[in-house]
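Using the hints, put the two chains back together into the complex; each one sits in its own frame.
Top line first, the protein sequences correspond to chains A and B.
Residue 3 is where the first sequence starts when you use the working numbering, and the numbers rise one by one after that.
Residue 9 is where the second sequence starts when you use the working numbering, and the numbers rise one by one after that.
Fair warning: there could be bad hints in the mix.
[What the hints assert, rightly or not] Not everything, but these chain A residues come out facing chain B in the computed CB check (under 7 Å):
#1 S25
#2 C42
#3 A44
#4 P45
#5 P47
#6 P55
#7 H92
#8 P95
#9 R96
#10 E101
#11 D104
#12 H108
No wet-lab data here; the hints were simulated from the structure.
Every residue, glycine too, gets a C-beta built ideally from N, C-alpha and C.
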Amino acid sequence: MRIVLAIALCCLIPPAQAAAANSAAAVRGRELFEHWCSACHAPEPTEDGRYLPGTNTLQNRYKGRVPAALEQRTDLTEAYIEAVIRSGLHAMPRFRKTEISDRQMHDIAAYLAKGAQGAARSDGAT
Amino acid sequence: LSKTVLPPDVSAASFAAALEQFERAIGAEWVFSNSEDLELYRDPYSFFWDTPDERLASAALAPATVAEVQKIVRIANQYKTPLYPISTGRNLTYGTAAPVMGGSIVVDLKRLNKIITVDDKRHYALVEPGVSYFDLYRYIQDHGLKVWIDCAEAGWGGPVGNALDHGVGLTTAPYRDHFGAHCGMEVVLPDGELMRTGMGAMPNGELWQEFKYGQGPWVDGLFGQGNFGIVTKMGFWLMPQPEAQFSGRVYFPRYSDLQALIEHLDYLENLGLIGYPSLDSPMGAETLGFGQAGQADRPLEELMAHGWPSRDRIEAFCDDRGGPVWRLTLRFYGSEETVKAGWAYARRRIAGSVTGVTFEDGNFYHLPLTAEERQKEHLAHFGIPSLQLFKIVEPDLNNGEPLDGHADFWAVLPRSAAGLLEGQRVIFETQRRMGVKPTFNPFSCPQMFYARSFNLGYSLATFRSDPEANKKGLALYNALVVACAEAGFPQYRSNIYTQELAASFYSFNGHSLQRFREVLKDAADPNGIMAPGRYGIWPKRLRASKAEPG
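The shape of chain B in the complex, shown without the other chains (with noise of 0.2 Å):
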């Protein structure tokens, strides 16, 4: 069983006069102190399992109501006990339900888990952050509304606190950025005032999750991978359910053709004619899923055994291994008319500029989905959460062996063949420097989850029995954030132990936006109550030290 811990800075006393304070306040049910119930707000993914170094919650509070998180955020600030709200609480490979900072008292907002709105004529939903995309997919079947949501890959996770992650999906531009697509907060700030941004700021209107600015600047961004308050309800736009969905893969025969094909992917998504695109390439291993899927590849691994190849030796590589370099899926969304004729249109256009290329209808499907065609299908690219990505921990795909968990490492690069190269060729050699086998080549494929930029990247496996190999799992974790952020390519989100690192290279003139920041948080959260650290963003009374726990 874990170790009692105690916040910074606070007294054994003073912990246990709050903890008598929030059991009044939420009922003594729900206030979790003793080291078994402790255990469940671990992070069974960490680097840092039952080392001195994991990060541990000294308390775990659950309101049920909005005021009763506005209490505990009150006596918070009476005793100095800092405070880490979690959502869900399945922010896996992130954290999960651990706090940023040992000895923080974790506010687990699970049983705020009302849909308050679903509307399918205007196309949002207003929910609590409690609510997983299991429950508001449940609750769009149940009432029988023509909405898809948007989901992250894993279900049990929710709207809320993915999307306050910069968490992403897998259908159309527009809804996979969660954050882009929310309209509308209600936050706890960090004196306990309960504010409400855009238009639920005018009490008379109905625009709270259509007109997401209102008047004024607009705040919304401060609750985004960051610590100014604790969001109790959010707005997300839905998209309309379509009559149909169509993929088609493209097929593009040389590695030059890489530029080419990123244009015409770009063109077509951001004029807004395709969903999610996946590239992959033929000529080399998935790296998705611990790069260690399949046989090995003999005539790569030589390709790669003494360094980042030229661009002469990529090319014979391709032209001894035959067929096309590229595979590109695209997916259409809208009626059967309209997406045949986006396929149609995407085959003239891209046939028209590359020569060689060939294309490959994919799957046409009335909507939605039958009970055979879901068994078939990666349902989040249909709306539908699941929980199908856990198959890269499945012992098949290591070697025979489970895996405990894993740790994602994705980078954030530009949309263009030289941005990709350069990525893939960063990734590679820091793979070599820590004296791991590389599993990155001049053919690892980007994901695509936000419109104007790829991400590359790939799972660490954790273990809990092995704190040697987590110790190398986490220098390579550590590693690779490093030369990607030096490189330009920054991670478009962070597990708790890397957010302060990964924080520190966002140095323009001298850390002024950090600074920035650090002047909202202390005008905002005088007592630095509210998850001191997130993102690398500490209270003043904190920011010396970093907060070891006490």
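Bound-form chain A, shown alone (with noise of 0.2 Å):
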């Protein structure tokens, strides 16, 4: 029932407002990865000449097959970003919603779903 009245209201934002929206939480979606992600996931090299340890671990996952970083994925679906927010993945702990609300959740998956990082791009956060 709740999925049914969800795409009903989803069908009744036209599509250009439904963008900014995104647009908009990605833009805080952004601030909100450096916040609480960045520490792990962001690119930049670490001691050693590493990379921080979210990113080698993928790096060691993927083997470059995606990129490492998680703002250079484009193949990130929001639920699955969602998901490892709240269960964590191997050494990754899950985030409280005191630390991290539902909302602030979504923000966060919308900036690093496909195709958001873009829209937070184009919406001024460069």
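The following block contains the structure:
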């Protein structure tokens, strides 16, 4: 029932408005990513010439098949990102709602999901 | 999803009534009781993951103010629902956000996140428990303040929670003992009363963060690794931002140089001339990070293959391998003149008493570090929070497999060559006895979290899909706790599963220390609602049963 209602509501929102909303979310998500995620997942190198732990783990896992830094990925879905934030993955712990609220989680997902980073940049966040 | 649990001796009806009261007190949005929300308060690094012994919360509450914390505590007394406070909830390897006693209600203080004061003239801060090291660092940078924080390895932890678990950092000795560097607390006591310690008790003073004792018995110690209240504010002494940092390395040629090395190290550190010292040995592999890094070292494996080697065999091994046996890294903080003078003095002093010692200049930095310099260094030595240490769980350090978590074991040893040798031997023998490949040897080096002792230990892997591996890991972990304690080597902190075991070894005069703590506990917390079982202290009503969750 909840899904049906959500689809119905989406249909009432004009596409341009939905895109703008998504873009705004991605802009917020970029800031939240910087605050909560970048200490592990940024692309910059760290001590000993290694990547940061999250980036290094993904580099080892995918061996270059996809970019190791999350912000450079184009294959992530919002649902997957939200699942990882709330469930964790291997040594990455889960995040509580007192840390990242549901709305903030959606914003981070919007930022990292396919195409949203372009939206964030076109909205003035460079 | 996790099963639902109730606190011991609390009926479902009474629990429901308590939750209703909590919702009225802090808002329904901040009372978490469904299984999906409570998943977030599990310990993903637990040996007991998904087993009946996993310590699960019955609910979680997230107050935003001190007044709300007081309301929660008063309601808990009314319904005898046990509370378990967490600060940032990032006590990974020691329990994360999960309670010591299953069925406890977690009080999640993350929303108490105010940075009340940072004074860079008098070098202190006053913060709430939800403030992380990242938060405090950003605040200091944003405001251009000239102070450093001494942060724990994981920057998402925070000063209050880390200090209250006796956590440690990596700058200079007065600051890296985080509990020792605190000055003044505000605490909600088990009856809901608000108390300030030290000079915080004198309403018209301004010395709360500068003179920690006030007058009379100093009670702050009760709240470190304790369960006598919920700390809602805590002051910390901060290090003035130094102008420069320099590190130098000292190479000692012989195995037998260790005692002289330690005496020099102690002299320099206890005189306040150096910051966090690092010791390693070119003779043996690093043991931090599961002892699995790097290539197999066959000669070293052969040395250790038949039990702990004799002194003669160790020295012969060193002779065969050649080169220096110990490498000591000294870090100096101050101005360009003082750090260079400190290094010159250390060289003169050590060279004057140890023959064959050699020196190597490390990096010199004008501070703060540039962006490029930050990418080369371990940032906690520069008061900068990060998550760099999480490299120890990366797959390339674990035979290609990502780890799900780790449980840290750190024994405290005397700062002597004999003490270190005994610690190495005890851990080696315990690993061997428990059927795991030993990773400790005569060249395993300690960390120096505290200025007057060594810390020797390592991280044991945990898994969320392999209960058998967790069972073996826990058995080894417990065996290490017991073997080290029997040798007189405690842990500096324990995870929620071994606090009880670790506490049992403090047994002088019929456990008089524990009995005194219990007298205090019974007087201060007669309903036994404050963090039952934390570090082995149980309230009277749960003491006999050790509180199985309902």
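Cross-check of the supplied hints:
A cut of 7 Å between beta carbons decides the hint on S25 (chain A): the least distance to chain B is about 26 Å, and the hint is violated. About 5 Å separates the beta-carbon of C42 (chain A) from the nearest beta-carbon of chain B, less than 7 Å, and the hint is met. This hint is violated: A44 (chain A) has a C-beta 10 Å from the nearest C-beta of chain B, more than the 7 Å allowed. The criterion of a C-beta within 7 Å of any C-beta in chain B is not met by P45 (chain A), whose closest approach is roughly 11 Å, and the hint is violated.
For P47 (chain A), the interface hint holds, the least distance from its beta-carbon to any beta-carbon of chain B being 5 Å, beneath 7 Å. At its closest, the beta carbon of P55 (chain A) sits 4 Å from a beta carbon of chain B; the interface hint therefore holds under the 7 Å criterion. The beta carbon of H92 (chain A) is positioned within 7 Å of a beta carbon in chain B (closest approach about 4 Å), and the interface hint is therefore held. With a cut of 7 Å, the hint placing P95 (chain A) at the interface with chain B holds, because the nearest CB-to-CB distance is about 5 Å.
Taking 7 Å as the C-beta cut-off, the interface hint given for R96 (chain A) holds, the closest approach to chain B being about 6 Å. A hinted interface residue such as E101 (chain A) counts as satisfied when its beta carbon comes closer than 7 Å to some beta carbon of chain B; here the least separation is about 6 Å, so the hint holds. Look at D104 (chain A): its Cβ only gets to about 11 Å from chain B, farther than 7 Å, so that hint breaks. Checking H108 (chain A) against chain B: minimum C-beta separation of about 16 Å lies over 7 Å; hint violated.
Hints 1, 3, 4, 11 and 12 from the earlier list are contradicted by this structure; the remaining hints agree with it.
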